[in-house]
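Enquirer: Once you have looked at the hints, place chains W and G on chain X.
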Amino acid sequence: MLRNRLIDGVRRIKPILCGGQSLRSLANGATSKLTTIEVDDRSGIATLSMNLPPVNTLTMELMHDLIDSINQIESNKSRGLILTSSNDKVFSAGLDLNEMLNPDVERLRLFWTRFQDLWLALHLCGLPTAAAINGHSPAAGCVLATACEYRVMLPNLFIGIHATRFSFVISKWMMNSYQSVLPRRIVERALNQGKLFASQEALDVGLVDEIACSKEEALSKCAAFIATFDKTNPVARCLTKRMCREPDVRELLQDRAADLKECVDYVTTPLFQEGLCAHLEGLKKRK
Amino acid sequence: MLRNRLIDGVRRIKPILCGGQSLRSLANGATSKLTTIEVDDRSGIATLSMNLPPVNTLTMELMHDLIDSINQIESNKSRGLILTSSNDKVFSAGLDLNEMLNPDVERLRLFWTRFQDLWLALHLCGLPTAAAINGHSPAAGCVLATACEYRVMLPNLFIGIHATRFSFVISKWMMNSYQSVLPRRIVERALNQGKLFASQEALDVGLVDEIACSKEEALSKCAAFIATFDKTNPVARCLTKRMCREPDVRELLQDRAADLKECVDYVTTPLFQEGLCAHLEGLKKRK
Amino acid sequence: MLRNRLIDGVRRIKPILCGGQSLRSLANGATSKLTTIEVDDRSGIATLSMNLPPVNTLTMELMHDLIDSINQIESNKSRGLILTSSNDKVFSAGLDLNEMLNPDVERLRLFWTRFQDLWLALHLCGLPTAAAINGHSPAAGCVLATACEYRVMLPNLFIGIHATRFSFVISKWMMNSYQSVLPRRIVERALNQGKLFASQEALDVGLVDEIACSKEEALSKCAAFIATFDKTNPVARCLTKRMCREPDVRELLQDRAADLKECVDYVTTPLFQEGLCAHLEGLKKRK
Chain X
1 MLRNRLIDGV RRIKPILCGG QSLRSLANGA TSKLTTIEVD DRSGIATLSM NLPPVNTLTM
61 ELMHDLIDSI NQIESNKSRG LILTSSNDKV FSAGLDLNEM LNPDVERLRL FWTRFQDLWL
121 ALHLCGLPTA AAINGHSPAA GCVLATACEY RVMLPNLFIG IHATRFSFVI SKWMMNSYQS
181 VLPRRIVERA LNQGKLFASQ EALDVGLVDE IACSKEEALS KCAAFIATFD KTNPVARCLT
241 KRMCREPDVR ELLQDRAADL KECVDYVTTP LFQEGLCAHL EGLKKRK
Chain W
1 MLRNRLIDGV RRIKPILCGG QSLRSLANGA TSKLTTIEVD DRSGIATLSM NLPPVNTLTM
61 ELMHDLIDSI NQIESNKSRG LILTSSNDKV FSAGLDLNEM LNPDVERLRL FWTRFQDLWL
121 ALHLCGLPTA AAINGHSPAA GCVLATACEY RVMLPNLFIG IHATRFSFVI SKWMMNSYQS
181 VLPRRIVERA LNQGKLFASQ EALDVGLVDE IACSKEEALS KCAAFIATFD KTNPVARCLT
241 KRMCREPDVR ELLQDRAADL KECVDYVTTP LFQEGLCAHL EGLKKRK
Chain G
1 MLRNRLIDGV RRIKPILCGG QSLRSLANGA TSKLTTIEVD DRSGIATLSM NLPPVNTLTM
61 ELMHDLIDSI NQIESNKSRG LILTSSNDKV FSAGLDLNEM LNPDVERLRL FWTRFQDLWL
121 ALHLCGLPTA AAINGHSPAA GCVLATACEY RVMLPNLFIG IHATRFSFVI SKWMMNSYQS
181 VLPRRIVERA LNQGKLFASQ EALDVGLVDE IACSKEEALS KCAAFIATFD KTNPVARCLT
241 KRMCREPDVR ELLQDRAADL KECVDYVTTP LFQEGLCAHL EGLKKRK
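Protein chains in written order, with UniProt numbering: chain X, 1 to 287; chain W, 1 to 287; chain G, 1 to 287.
In isolation and in its complexed conformation, chain X is listed as follows:
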């Protein structure tokens, strides 16, 4: 009953994702505060841009607006979704680390749950998805990219999950997202090293699928990828995608509270707080 369970799963996920959130009703082409949706009338493809200066840090608000936009694009039955940034230098700098510094535990729980919601919304999105990575994409920026089905990147950028460099230990589902794209040996080594791949390196290992010279070319390559599904039945495609991705999300869906507790327990250790403090000071000095 996998196919039935998948359909049930979808039903079950939606209330989790939207529970308690007031979803603003947005027409196509409208903008929420921190994201923009543009639908190409000819292709039917929706381009979702992160639009929070200076570096698209995944704050509570940006994550809310992203979830909202993904749900909207999905329910509008667009032909596909391209995730990109309106910022030319950074795709997304990753999670708002200030939420993890001396956190209020209740707020931290909301923050981490929001991040789980965002990953689930993108990883299980029924539409074809692609990322036009037009800026650096470290940490959770990379996790968002790997949750898409295709990645096109501009040259001379970096992408990767460098959590061990700021003392963070990622969740298993973030590892799963990496392993859905890269071979096991490469994933373990890259996670342990906190490796940031340059664009060409990312292409060589398969972390990205193509390099494009401009954002326009990247968007066009993403659209070409989405067009490869034209001859498929959309419902059969969606169920097949979810069957492939079900092992990645199973543990998280079965016990979201466990992942949450584990995150809170670790973030509140002195070990992590000291490591994060040093990392944030290092970032300030660089500016």
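Just to be clear, a hint being listed does not mean it is correct.
[Said to hold, decoys possible] With a cut-off of at most 25 Å between alpha-carbon atoms, the simulated DMTMM-like pairs for lysine to aspartate or glutamate come out as follows:
| no. | chain 1 | residue 1 | chain 2 | residue 2 |
| --- | --- | --- | --- | --- |
| 1 | X | Lys231 | W | Glu201 |
| 2 | X | Lys172 | G | Asp255 |
| 3 | G | Lys284 | W | Asp230 |
| 4 | G | Lys195 | W | Asp96 |
[Stated by the list, open to error] A few chain W positions that, by computed beta-carbon distances, are all more than 12 Å from chain X:
| no. | residue |
| --- | --- |
| 5 | Met60 |
| 6 | Thr228 |
| 7 | Pro234 |
[Claimed, not checked] Cβ-to-Cβ under 10 Å is the rule here; a few derived chain W residues that face chain G:
| no. | residue |
| --- | --- |
| 8 | Thr232 |
| 9 | Arg237 |
| 10 | Arg256 |
| 11 | Ala258 |
Hint data in this document are derived by calculation from the structure and do not stem from the laboratory. None of these values were measured; they are calculated from a predicted model. Cβ atoms here follow ideal geometry from the backbone N, Cα and C, with glycine treated the same way.
Expert: What follows is chains W and G alone, placed relative to chain X:
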């Protein structure tokens, strides 16, 4: 107790496979109606040919004869099994889709169980197995090829699981069969796209192991692969193969009824029936 | 609670590993009988050499000293561990097969448990680990190499798990160790064939990461790999490594007795005893 469990598993599988079927007793070199077995006296390798014109559609009868032949070859302690087609254009066109169009549910249950049996018989076959793919190999034709341990293909053919193109959602064990050969990222994308790989593409991603210029050369390369096991102990080899493949079959063996119910539930949806109808009409027009 | 469970896991493993063994207290640079530890004062990296002539067969005693040395290096907070051989021709010839020939069952149980302990100690070692493979590395020699995070090999050697050639069926955790490094398709085929990869072949499939011209160069490349972790937090790195490796060890840790029973049951079959006998006689003739 994995090794013991594996041996038990083998015992357990056999009655399932053969239960209720009257197995015709066939001498080496004899033919059942729809398959042919030829054993090379020098090499001891059995070549099993599918022989149902025009395109080796996997009908109830062809699947019965294939299971029968695989069991016979295995119990005769041949040195290896090569699966091929007596048709020069098509290896196998896949399942008989007419069994899925407005099906009688009881008949559909028998049909799907037969397909499960066939995959289990080939995927868990104790002998070294190889496929000489001398014709197109779409859908279940590809699943049979991936259940073998080695694949040699002729040029200018296509192979792949294009189920999403006729609205079908494959079972998880068919996905496992694909993933036993291809990397996860490639499997998900190919399944979602319903991709058919040209021979050279199939070689490049590892879906086939070699390209051969003629059927004779393909058979010869398959025989050379089977000869790579000459220095191994056959029982240790068989138990090792089954240990590697146990994760692929575990879920199916634990609950065959669930997979069956899921298939029947999906095939009888209007969504699938409409998609299949359109697909079959498209095929007719092409003729 | 994965991260907490991992930390608990570490606590749980240690008593298992050390239980009942009298650990000799060794200063840095000191030698136990069969292994040598050299710590580079500048780099802080410990080089652990197997030193049991003629071919570093993994006897009960060598395995004891290896576990002891790994634990010592880990508790001394060295910067990393390089495993190598003081023998220029053989890294390790693998398990002492004489322990498996007409074995006393109690002794066999101790022997296999020791091997489980050794693999767990190396596979879960919190430090960065690398193998400088300066000699042939068949069977359990290969398993030790794959338990490390990086492998540098000298030319014109062979490495691989050739168990099916002497009628042995490896445990699932040994297969997991192989699969943590190589793609699934390659693992199954290599295990079934009992394949020994030449150095260059091993590099091509990813079983080793680099080829070096001399032992000195191999050690230096291993040290360079260990230096890639310099910017990471050691605790976060260790927890991340264990998260990646947890699926490999889960089944073994949950039921070590089952793996032990399975090994004893198989080793004491006439099938294996006859195969081993023939193999050992073949080795004698070659000398």
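Enquirer: With 12 Å as the threshold, tell me whether Thr228 of chain W passes as away from chain X on beta-carbon distances.
Expert: holds (24 Å)
Enquirer: Restraint: Arg237 of chain W near chain G, CB-CB cut 10 Å. Satisfied or not?
Expert: With a minimum Cβ separation of about 5 Å from chain G (threshold 10 Å), the hint on Arg237 of chain W holds.
Enquirer: Would the hint on Thr232 of chain W be counted as holding, given a Cβ-Cβ threshold of 10 Å to chain G?
Expert: holds (4 Å)
Enquirer: When you check the alpha-carbon spacing of Lys231 of chain X and Glu201 of chain W, does it fall within 25 Å?
Expert: holds (20 Å)
Enquirer: Is the hinted pair Lys284 of chain G and Asp230 of chain W satisfied, with a Cα-Cα distance of at most 25 Å?
Expert: Holds, at about 21 Å.
Enquirer: Was the hint right that Ala258 of chain W lines chain G, CB cutoff 10 Å?
Expert: Given a least distance of 23 Å, the restraint on Ala258 of chain W is violated.
Enquirer: Was Pro234 of chain W rightly flagged as not at the interface, with every chain X Cβ beyond 12 Å?
Expert: Answer for Pro234 of chain W: holds, closest chain X Cβ roughly 30 Å.
Enquirer: Does the interface hint hold: is Arg256 of chain W within less than 10 Å of chain G, judged Cβ to Cβ?
Expert: violated (23 Å)
Enquirer: Given the hinted pair Lys172 of chain X and Asp255 of chain G, is their Cα-Cα distance within 25 Å?
Expert: Holds - the C-alpha atoms of Asp255 of chain G and Lys172 of chain X are around 23 Å apart, at most 25 Å.
Enquirer: Test the statement that Met60 of chain W is away from the interface with chain X: the closest C-beta pair must be farther apart than 12 Å.
Expert: holds (23 Å)
Enquirer: Is it true that the CA of Lys195 of chain G sits at most 25 Å from the CA of Asp96 of chain W?
Expert: This hinted pair is violated, its Cα atoms lying about 40 Å apart.
Checked against the numbered hints given earlier, the structure breaks hints 4, 10 and 11 and satisfies all the rest.
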